[in-house]
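*Asks:* Line by line, the protein sequences are chains H and S. Everything in the first sequence is counted per the working numbering, starting at 1183 for the first residue and increasing by one. Everything in the second sequence is counted per the working numbering, starting at 1183 for the first residue and increasing by one.
Warning: the hint list may mix true and false statements.
Pairs count within a copy or across copies, as identical chains cannot be separated in the list.
To be verified - Within a straight-line C-alpha distance of at most 20 Å, the following computed SDA-like cross-link-like pairs (lysine to any residue) qualify:
#1 1553 / 1353
#2 1553 / 1475
#3 1251 / 1313
#4 1553 / 1234
#5 1553 / 1439
I should point out that these hints are in silico values taken from the structure, not numbers from a laboratory.
There are 2 protein chains.
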Amino acid sequence: MFSGTNLPRVGGYNLNVVLSSIQAADGISRVEIAKQTGLTAQTVSVIVRRLIEQGIVKEDGSSPSSGGKPRTTLRINPRAAYAIGIHFDPIEVSVVVVDMMGQELAQSRHGISPRLEPEALIAEAAEVAHKRLAELDIPDDRVLGVGAACPGPIDQSQGLVISPPRRDCWTEVPIKRLLEHHTGFDVIVDNDANAAAIGERWSGHGRTVSDFAFLYMGTGIGGAMFLSNHIYRGVSLNAGEFGHIVVEPNGTPCYCGNRGCLEAMCSPAAIVRNVRAELALGRASSLVHLYDEDPELVDHTAICLAAVDNDQVARRVIDRVAEYLADCAVIIANALDVELLVIGGKGVIHVADIYAEKVTEFLQSRPLARKTHTLRVAISDMANNGAALGAASLVLHAAYAPNTADLVGV
Amino acid sequence: MFSGTNLPRVGGYNLNVVLSSIQAADGISRVEIAKQTGLTAQTVSVIVRRLIEQGIVKEDGSSPSSGGKPRTTLRINPRAAYAIGIHFDPIEVSVVVVDMMGQELAQSRHGISPRLEPEALIAEAAEVAHKRLAELDIPDDRVLGVGAACPGPIDQSQGLVISPPRRDCWTEVPIKRLLEHHTGFDVIVDNDANAAAIGERWSGHGRTVSDFAFLYMGTGIGGAMFLSNHIYRGVSLNAGEFGHIVVEPNGTPCYCGNRGCLEAMCSPAAIVRNVRAELALGRASSLVHLYDEDPELVDHTAICLAAVDNDQVARRVIDRVAEYLADCAVIIANALDVELLVIGGKGVIHVADIYAEKVTEFLQSRPLARKTHTLRVAISDMANNGAALGAASLVLHAAYAPNTADLVGV
């Protein structure tokens, strides 16, 4: 049920409201913050003074104001704090270090041997993180914490990875506890799509958008959503599984139990399988020479590059994928009525424009409410590294984003 | 962006938090309210005193407590306030009067001549509402207001009905202004599915559930959702259009622009069309004699009754509809991860059990997160009158439900 609120909670909430105004703006004055947030000038002044004392906000020049003294410009001090992001993808691990604005200062990436035990992998990632911090001369006490992104489903309260697809030995791994032990930092765990969406919110297309959905094309296909300025995780933290929306009722069976869901029709593995099947039938394609050398060489990257080059086979398969994604986008529009759909993840590298064009076309002609407003489409600028950057943003977001749930203590 | 909060907002919010605790319980003590809400005993006492003075809450006996004086039981005074609900369906208008607990005290229902102008219809509904109030001896000053439910899309801020399906003359009708003029009360307008969901929240299956979806089977098919204890309407107030989710990509074209969406495959009109088509082919069915007399006699009600009686033709069509509804329920589970799906609206009368059984079966075997938790299914107990009762609840909900958006002034 509902919980009441009280003064200390209000103070903490308003501090984060002011911080969030400064973070979203490219330079802002105290007067503008008061106008934007509805807080009194005095409340804003007190909060800003505290943020400056803590080194989180800095004064940076001034701008003229209409008939009065110039207004001091406030900005986040990006060096006030740092966060580490680690993305455990089924086939590789990425580690990033970001500053307070979510900007990447360093990154590492390495493939995973399928036989490596979870704890060994976690220990290795922790070691890499500490090496990058040392190279950047960042002392441990300036690090807010570690964010870890994993394929879902996960149990966030316990920091457990439950049973991710395609990783049999990762059943009920206590990733939060292990990573805290090996890094010495506080750890927040979330699924890769939620992490990528929070990254988008912190420093990408979602920065000033109250309601957006994220379609995450990684090794698998996932999703996430910000509704009314808050990430919505669902009652078991599994909301946004857009990858398991059925787009072809008689399509390929998926491990989830459905047939023809997005994951089964549009994941990189499905794309590779479909193109190889066409090549096996002897269709004319620029990929034939690769295929004849070794079918394994016809991988997702080769196919995406060929599609952009208008190879008939690759392009037909990618175009079909674009239509399925667009079908799913229409469902998202009808069900959620958000303002923006961000598409990201390394699965869209090279072919993002093809996907965005088809999705935009369907969104302009299909959803019921399209005459009221058309859902905008954006491609994440963090495609190659979105989940790791997002994982780092988990830490920044948890520390600094205003959350009405904190206000009412739920 | 975010807005700050302040003391008066906190006071109003906490009052509604206490009220909501009392409303959800079947008798509750001050001590239990404090425990449930996290508010101090003193804050609860002050708020309860004010609610008793206003006549909204009453003391009703006492219950023994473990080693202390007996605790006084608090209840809502159902006669503290009343609300009127009006549902403008494409084929009929329903008017209800409810008490503060959302219980129906009176109802009227009449068919609509397709040629009646909107204002004449609204004036007629207002007259009916005043007659019912007079019969119940309820003075105007005890009426909180009128809730109006219409098929979407609507513009809630302006109280405009934009262009509902199957009602050509209802384009941009200023329903809020007209209804305020003709009734003399404040009016809140919402689409029928949102209204039905709010009714479910106020006095139905959603009373103590923080996250639920509502699948509304009226003349058309719509939907709504409560997420984190708040109704989620989307950026253009059109969230929850589950009726336009495609369940059969090559299916019947829909007026929305898709093919094979739930509305086109499962609305009463589609069910009637499909059964008549089978009867026209001469299939054996208990409906043949009706059909031979006049095909128009084979209506939705006749078909649903025949399906329950295991008539082969009717049952096959209804079973197929049940599967499509279940497909849509799986999409809702994957996308929203709510705790409960309520199915309601007059379209499920007679066949609710057939639909609920199939939906439950799919929800136990298909959604990705089914091992974490299974989405529960409930049939609305307000099927026959859900949107009108829900419309009345709009008024109660707006006046009394805690809303964190009010807290932060957005």
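*Asks:* Could you run down the list of hints and mark each one as holding or not?
*Replies:* Consistency of the hints with the structure:
1. 1553 / 1353: Answer is between; shortest inter-copy Cα gap is 13 Å, intra-copy 46 Å.
2. 1553 / 1475: neither (52 Å within a copy, 43 Å between copies)
3. 1251 / 1313: neither (48 Å within a copy, 64 Å between copies)
4. 1553 / 1234: Classified as neither: same-chain Cα gap 46 Å, cross-chain 48 Å, threshold 20 Å.
5. 1553 / 1439: between (36 Å within a copy, 12 Å between copies)
Of the numbered hints listed earlier, those contradicted by the structure are 2, 3 and 4.
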